[in-house]
Amino acid sequence: METAIRRDMILDVEVVDLLNHQIMMEQKASSKYLAMASWCDQRELRNSATYFYNQAEEERTHMMKIFKFVNDNGGSALSPTVAEVPHEYESLRAVFEASLDAEIEVTKAIHNVFKTARKTSDFTSEIFLQWFVTEQAEEEEKVRDILDMIDLMDDMPLKMIDERIPTE
Amino acid sequence: MNFLVKETSYKISSGRRNCYQLDLGYKVIDFTFCQLLAFRKKILHYSSYESLEAIIEEDNFILLWVADNKHLLYLDVPQILELRATVLPIFR
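These protein sequence lines are chains X and S, in that order.
All the letters of the first sequence, read from the start, carry residue numbers 1 to 168 under full-length UniProt numbering.
All the letters of the second sequence, read from the start, carry residue numbers 1 to 92 under full-length UniProt numbering.
Only chain S is shown next, with the shape it has when bound in the complex (with noise of 0.2 Å):
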């Protein structure tokens, strides 16, 4: 059997006190830190069970804005899940 492991291709990075970039590849976001606390409850919000099932029965997307409404992100599900594992762990 084979298996493809693909890592996250997104970056949280954290270059001086109270101030982080998330890379999406696209675009480079800062974050402070509570703006980056308020994203990390965002998206624990909408990769729950029953968010995930909801985005699914209704429009398979979600609009979010981040970083104080500066920037307005378009996620499918797989993203969603992505930024997830992107997020969480740097808190441990």
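Chain X with its partners taken away, still in its complex shape (with noise of 0.2 Å):
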């Protein structure tokens, strides 16, 4: 049976079950990075909504990304079901720290799949992976450089802050 399985499919299934459940995390990432752009879209806040908006097509191609490799190598690609995201944040600050904790959350996601296809030998799921590591290490890192920056620019007013944040 071990070998009907292998002529269907070159993936685990423990690391498709993964992948399934990483498309979901991109696809809450995508949401969350939505209402965030919302946020900011209502306060006027055009390049912080426009630094959302991106992120959050980003996330969905991350996903589309995902979703295409499970089904181009046999396996069973889940369209995901997202709960409720929050659409409320104290301040432009908390909107960035929680960006950063969605993208965390990501990381270690990415991570355990990536864990799961060495151990189970999946080589396939883990080349694939690799360049996700090294995305997630990046996006960490912006979000990072732009809570630095409203650190420094604490004082200023909140609309100069908005036209340090990058927009591409």
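Rather than coming from a laboratory, the hints here were simulated on the basis of the structure.
Just so we're clear, the structure is a prediction, and the values are computed from it rather than from any experiment.
Derived pair list, reagent style DSSO-like, types lysine-lysine, alpha-carbon separation capped at 30 Å: (1) S/Lys-11 - S/Lys-41; (2) X/Lys-65 - S/Lys-41; (3) X/Lys-115 - S/Lys-42; (4) X/Lys-159 - X/Lys-142; (5) X/Lys-68 - S/Lys-41; (6) S/Lys-42 - X/Lys-68; (7) X/Lys-119 - X/Lys-68; (8) X/Lys-108 - X/Lys-142; (9) X/Lys-68 - S/Lys-70; (10) X/Lys-108 - X/Lys-119; (11) S/Lys-41 - X/Lys-115; (12) X/Lys-119 - S/Lys-11; (13) X/Lys-108 - S/Lys-41; (14) S/Lys-11 - S/Lys-27; (15) X/Lys-65 - X/Lys-119; (16) S/Lys-70 - S/Lys-27; (17) X/Lys-119 - S/Lys-42; (18) S/Lys-41 - S/Lys-70; (19) S/Lys-41 - S/Lys-27; (20) X/Lys-115 - X/Lys-65; (21) S/Lys-27 - S/Lys-42; (22) X/Lys-119 - S/Lys-41; (23) S/Lys-11 - S/Lys-42; (24) X/Lys-65 - S/Lys-42; (25) S/Lys-70 - S/Lys-11; (26) S/Lys-70 - S/Lys-42; (27) X/Lys-108 - X/Lys-65; (28) S/Lys-42 - X/Lys-108; (29) X/Lys-65 - X/Lys-142.
Estimated spans, in silico, between C-beta atoms of each pair: (30) S/Trp-65 - X/His-87: 32 to 40 Å; (31) S/Leu-81 - X/Leu-147: 43 to 51 Å; (32) X/Ser-121 - S/Thr-32: 20 to 28 Å; (33) S/Leu-81 - X/Glu-168: 51 to 59 Å.
Facing chain S, from chain X, some residues (calculated, C-beta under 8 Å): (34) Ala-4; (35) Arg-7; (36) Asp-8; (37) Met-9; (38) Gly-75.
Where is the CB? At the ideal position from N, CA and C, for every residue including glycine.
Using the hints, build the complex out of the two chains.
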């Protein structure tokens, strides 16, 4: 039976389960960023809103990348359902703090799939996930840089801080 | 002390690629690979501790559509656990 399953799928089934969980995590991150973008947009924080709209798109792209990978390699990708995401924040700083927490959550989940892929000798998934490991390190660093900038400009008007938020 | 060891009465076989048969004793269900993956997912879900607790507290059975809604299974808790024991090992 092992041979029969192997002839239908190159991936390890346990890794497929975790990749489906990762699909949900990426979609959840995308939804969180959309809520953050909305919060910023309503307060006329244009650059921050653009930043989070872009992040929401990026997380969705990540989700689709994993989704396609699972289906293209014989697995069964599941369309994710996302529970309620927060829509209220105390400050712009709180929004970026929540953004960092969201990235750390996604990173931990990616590391968990990566470890399982390595443990089960699923090299196809392991190599596929390497890009995500690097990407998550960059994503976390990007948010930390913004939080450092917010700390440095703490006494400045909110609009001036917003003008320094990267939009690309 | 005496033990009674009962092996699962359900059987899964595969004759060719992308073609699996689940023999439940009273009927045989044909699965493609993706249908088998979906079936595994459902069995994993319903055999979790939380789901079993909910099943026992409610009707004590579930109705499960399988193989792209071609078959409807009436399963009680022992049958769910037996299916879990049948389906999961084939992926190892």
